[in-house]
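Asks: With the sequences and hints as input, model every part of the structure.
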Amino acid sequence: MSEEFGSDYITITDDEGNAFELEHLDTFEHGDDLYMVFLPADMDEKDENYGLIILKVIEENGEEILTTIDDDLELETVYNAYMKMLFEAEEGLAASGEDAVLPEDDE
116 MSEEFGSDYI
126 TITDDEGNAF
136 ELEHLDTFEH
146 GDDLYMVFLP
156 ADMDEKDENY
166 GLIILKVIEE
176 NGEEILTTID
186 DDLELETVYN
196 AYMKMLFEAE
206 EGLAASGEDA
216 VLPEDDE
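The opening residue of the sequence shown carries number 116 in the numbering used here; numbering runs sequentially from there.
No wet-lab data here; the hints were simulated from the structure. Any given hint might turn out to be false.
Unchecked claim - Label pairs and their computed distance ranges (CB to CB): (1) 194 - 136: 18 to 28 Å; (2) 190 - 157: 21 to 31 Å; (3) 132 - 207: 40 to 50 Å; (4) 125 - 159: 13 to 23 Å.
Glycine residues also receive a C-beta, built at the ideal position from the N, C-alpha and C atoms.
Replies: See below:
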């Protein structure tokens with residue numbers, strides 16, 4: 116049996132019962148909250164709605180669940196914090212002379 120390492124995928128269902136497959140990119144803390152960053156796994160990259168999806172991790176009845184961020188200011192703040200973290204990590208790699216490791220494209 117071979118083990119393959121790569122991206123993690125989850126399927127989420129919205130309130131209307133529609134299922135979406137998401138590729139998990141990152142998990143990070145901002146303030147006292149935990150967020151997870153995804154890309155749509157089943158959407159064409161050229162689609163105008165394609166882009167990062169940031170969901171908030173909350174605890175409900177002792178179980179962690181993912182929820183959308185309905186507050187536009189919170190979403191903008193969290194998005195900007197995540198992008199800043201990415202750019203700082205990229206600058207750190209450049210300063211150390213290391214190359215960023217990017218996932219392989221299977222196409």
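Asks: All hints, please: hold or fail.
Replies: Hint check results:
1. Checked against the hint of 18 to 28 Å, the C-beta distance between residue 194 and residue 136 comes to roughly 22 Å, which is consistent with it.
2. About 22 Å separates the C-beta atoms of residue 190 and residue 157, a value consistent with the hinted range of 21 to 31 Å.
3. For the hinted restraint 40 to 50 Å between residue 132 and residue 207, the CB-CB distance of approximately 43 Å keeps it satisfied.
4. For residue 125 and residue 159, the Cβ-Cβ distance of about 20 Å falls inside the hinted range of 13 to 23 Å, so the restraint holds.
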